[in-house]
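*Asks:* Residues per chain, in single letters:
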Amino acid sequence: MKLLCLLAVVASALFAQQASASSSQWDQPAAALAEQIAAILGPGQTHLTIRNNSKISTDEIPTIRRALEEALKAHGVQASGAESANTIRITLSENLRERLWVAEIIEGNETRLAMISVEPGTVHTEASTSEITLHKQPVFTTTEPVLAALEIAESYIVIEPEEIAILAHSAGRWQEQSRVGIGQKKPLTRDPRGIIAPAPDGQGFIASVAGMACSGSLQQAPPPETWSVHCHESDDPWLLTPPQPAGIDSATTETSRAKPIRAFYNASRDHFTGVVTPSLGADFPPFYSAALIPRADGPGLLINGTDGRVQLLDTSQLKSITGTRDWGSDFAALNSGCATGTQIIVSGSGEALADSLRAYEIPAQEAIPASASLAMDGAVTALWTAPDGKSIFAVVRKPASPGHADPYEVDHVTASCN
Amino acid sequence: MSQQVAIRFRQVAISCLIAALALHAPARTRPHYGGTLRVEVEGDPWQRPGGLARHLVLDGLTAMSPDGTAHPALAVEWKSENEDHRWQFRLRPGVHFHDGTPLNSSVAVASLTAICGAACPWTALHAVGSSVVFTSDSPLPNLPQLLAGDNYLIALTGAGNIAATPGSVGTGTFQFTSYSNGVLMLAANDNCWQGRPFPDAIEIHAHRSIHDQWLDLNVGRADIVEVPAEQLRQAHEQRLTILASPPDSLLALTVSDSGALANPNLRASIALSIDRGALFNVIFQKQGEITASLLPAELTGYSFLFSADRDLNKAHELRGGVTPPPVTITADGGSAMQLAAQRIVLNLRDAGFNAQIATGGLSQHIDLTLRRLPLESNQPQSALESIFRSAGLPIPVLEQSPAGLYKVEREVLDSHMLIPLLYLPRAYAVSSRVRDLRLGPDGTPQLAGASVEDAP
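Sequence order for the protein chains is A and B. All residue numbers for the first sequence refer to the numbering used here, where the first residue is 1 and numbers rise by one. All residue numbers for the second sequence refer to the numbering used here, where the first residue is 419 and numbers rise by one.
Next comes chain A alone, as it looks inside the complex:
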């Protein structure tokens, strides 16, 4: 009995807390609308009706009504029964940008209006329930397309189609510190891509974009520290896999450990030509993405061909991988430590308005989903593995909407084992 009483007390306390928190959300707009209504109507009795034309949950309407009635009361307007001569018809409406609360104040044949804008509410996301769960954390947003980015020496180096931006962490967020032109002489392509990786000496970065190669180093003297960035025309192959991929050391062969894999890039068609160096003993078709994944006899190179076929170089043979029908063009390897240890994180195959990421494992020649899809709320335009191999980064182009000033968002994606 005591336990029941205790539960009842806790439940009512929780309910009261929830009601109070919910009420506070609407107090301010209710007060603002009530003030406008009272200025038109003056003190007296009125009949109040509320219509919900918005996405506000119907559960919230009693709370909003209470807030409005209290706010009106504070101005001397008493909400009473339908017999009142005046009527206030409140419509909770909304447009693409904001909520709009409209009061039609009806006195006899005359109707006057009061209108206030209310900030849009927050969007709730559903939690994943699968074995491996992917999580995303927005890192920064920008107006320009991001081709690749790297956090190094307390800076973010961001590769854009025409410039390299350097961000520094300040006031709780990444803010642009400087930018350097890449200086392409050839016109840009439609679907530009780029890569960035830590320099072999660990003191700077190297980057490639179509027809250009860049390098940067941190100049420590004289203070303050500044980045020195140099770009030059180059058709050299792009670094496809980091020099020593983290997480697959135990399975890495001496050859791949010593020499990172590079691939030649077709600068006018935005894909890799299929020629890789050093030679891996097989002829690759032109491809968009590549990733090293651990296999029993050493790492295998997984590629996504321009024809849509996903193939794995395993023991010097290219083998087609099945189960990739839902794959998009971008993938990256992630050493989560869950399940078999390494997963391939793949963008979705949809027409990119609401893209997603999903983890797959490839134990043999079939890709098997290892996580639920992680909604990315936009089109994934680039995907790469973090230098430590334990997370990935995704660039998401957000659909245009009035609230999104910066259409490009760089997200840090991690995995947790369930």
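Hints in this document: simulated from the structure, not taken from any laboratory. Worth double-checking, as some hints may not be accurate.
[What the hints assert, rightly or not] Here are the simulated distance ranges between beta carbons:
id: 1; chain 1: A; residue 1: Gln317; chain 2: B; residue 2: Arg856; range: 35 to 43 Å
id: 2; chain 1: A; residue 1: Ser178; chain 2: B; residue 2: Ser524; range: 31 to 39 Å
id: 3; chain 1: A; residue 1: Lys185; chain 2: B; residue 2: Glu499; range: 33 to 41 Å
id: 4; chain 1: A; residue 1: Asp201; chain 2: B; residue 2: Glu499; range: 49 to 57 Å
For each residue, glycine too, the CB sits at the ideal point set by N, CA and C.
Guided by the hints, dock chain B onto chain A, whose structure is given.
*Replies:* Chain B in isolation, oriented as in the chain A frame:
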């Protein structure tokens, strides 16, 4: 029994085949470069406004982003001074026209002057260094949005143009190749400042009837064809792959305030006598939205304040028992618009008006014109201004707040010179060769961003 076994066997075999195909189905790829997109349209792709090819060949100083705001195009930045009476647009460096002529401020000024001459909304236009400077006697708060529209695209004036299509040398993603026998050929601009488009070429067949367009789509001779709003349901029934915009144009009656309808009560009576439901259900096959407001609810949230109900009693009352002189009506556009106009004539006769379709005589006074007014922006302020402009009501919209915009809308609608009827979508049917095709904010297909699936 043996027949059942055979059927079952066939079902299993088909299932296995489908499963096998699914297993080996390739993953989706990034868009390919190459190939030719074949487009068919009912009108002229080079006409202004709305010609499909114009935005492919020509760029504006600004462009409309999907959220309806103006964003940099040939101008990289702009600022207004003197309370929007003076605007300065700085041009993007390094841009060339298709014939290699560099874009500079003098060329841009010459182009804009050639477009509108004395009828431009600004008072004067000057080239100042790498900038184009607009000055105006009245404020132009929405000039960046205005310059993104079809009317102010920058073309190279004078020499170098294709004689048959003046103003056809631009800076856009595609360049004019030819326009003959109703076929407009465009080739990818490899040096475009926006990046080379994915298709190598676009072939636009003009003046094709909707019937022929659909036929060509079905037999694989066309990739993108038009679907009028009133035929959207039929297109769905035929299982065409449809790309439809949200409502992007306003079907409205513009009402002359002279002649038979000079009396505002008669105009109000006409507004109350129209049966929008019949237009929506019968003529436009339940596509789009019924509206009595100029801006759709998505943009304002207040459109419910305007009643779309027909009220014949009130219409008769407003007419005051007087039989007005004959009222003439005309419609811009194709067969659905003509049918809608005929339906409105019947509505007006119900309300006691002697309404008739205009016979087309040059001297005939037109009282009512049924039009489709494009909604050029997703921003309520510039969208409202664009509707006024298209309707021939040059009313500047200086208000931004919902309450302010409502006031402007209410004042115009209370004059009953513009009667909103329906919001209509724009739609296209596409073949399986086309991917990543999107519709722009004005409902036009963004062909430069689309690609051809079987391109090499």
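*Asks:* Lying within 35 to 43 Å: is that true of the beta-carbon distance Gln317(A) to Arg856(B)?
*Replies:* Holds: the Cβ-Cβ distance is about 40 Å, inside 35 to 43 Å.
*Asks:* Between Ser178(A) and Ser524(B), is the Cβ distance one that fits in 31 to 39 Å?
*Replies:* Check passed, 34 Å falls within 31 to 39 Å.
*Asks:* Please test the hint of 49 to 57 Å on the beta carbon pair from Asp201(A) and Glu499(B).
*Replies:* With Cβ atoms ~51 Å apart, the hint holds.
*Asks:* Return holds or violated for the Cβ distance of Lys185(A) and Glu499(B) against the range 33 to 41 Å.
*Replies:* This hint holds: roughly 36 Å between Cβ atoms.
Hint violations for this structure: none, all hints satisfied.
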